[in-house]
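Take the sequences, apply the hints, and build the full model.
Keeping their order, the protein sequence lines are chains U and C.
Take the first sequence: its position 65, counted from the start at 1, is 962 in the numbering used here, and no numbers get skipped.
Take the second sequence: its position 9, counted from the start at 1, is 822 in the numbering used here, and no numbers get skipped.
None of these hints come from the bench; they were simulated from the model.
Restricting the straight-line Cα-Cα distance to at most 25 Å, the calculated cross-link-like pairs of lysine-lysine (BS3-like) are:
1. U/K900 to C/K870
2. C/K822 to C/K870
3. U/K900 to U/K998
4. C/K870 to U/K993
5. C/K884 to C/K822
6. U/K900 to U/K993
7. C/K884 to U/K993
8. U/K998 to C/K822
9. U/K998 to C/K870
10. C/K870 to C/K884
11. U/K900 to U/K966
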Amino acid sequence: DAKTTQPNSMESNEEEPVHLPCNHSTISGTDYIHWYRQLPSQGPEYVIHGLTSNVNNRMASLAIAEDRKSSTLILHRATLRDAAVYYCIYLGRDDKIIFGKGTRLHILP
Amino acid sequence: NAGVTQTPKFQVLKTGQSMTLQCAQDMNHNSMYWYRQDPGMGLRLIYYSASEGTTDKGEVPNGYNVSRLNKREFSLRLESAAPSQTSVYFCASSRDRVGTGELFFGEGSRLTVL
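Structural data, given as structure tokens:
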């Protein structure tokens, strides 16, 4: 099974950057790293994905370690609406997409 | 923009009753997934279908059956519901194995088994 490790929870102040870490030590060279977030009472939604290079989109940035065994989701300026559970995943050889418990991000006003 | 549609959104069952959760996607995706999410927990994979005509067990398949009826539809059946199956169920789809494509989720089906 493709498993990742994330901290259970993190806190950040509003309007400050947030760095959410993820370890994926068993990732293979062709597996993409994906990040999703789940707002309260909603299904998960896509945030960003990448393979080797750092990636940016309108929601966030993704920094991938050179050895690809870890990555960091960066929210450049957190707002109260960013309070959610953030999941880091990748697809392993057996096609199972395992989410784990994710990181619950609390934003302090 | 329908995306992934799940029905029903809410259901209450008695122990031992059966029911089927329906999921349909209109994006011509090959892969579909069923997850359950218990209160305060992450998502756990029940079953998945990498392509039409194939299904495979996920992390927690016991007590469930699935059918990939066609490319669009992937149903989840509880033959004899138990209180431990009280949960929110999410269906998801992706174009192929999660690579350059993203996973799209439905809004969830909240099931209570008394």
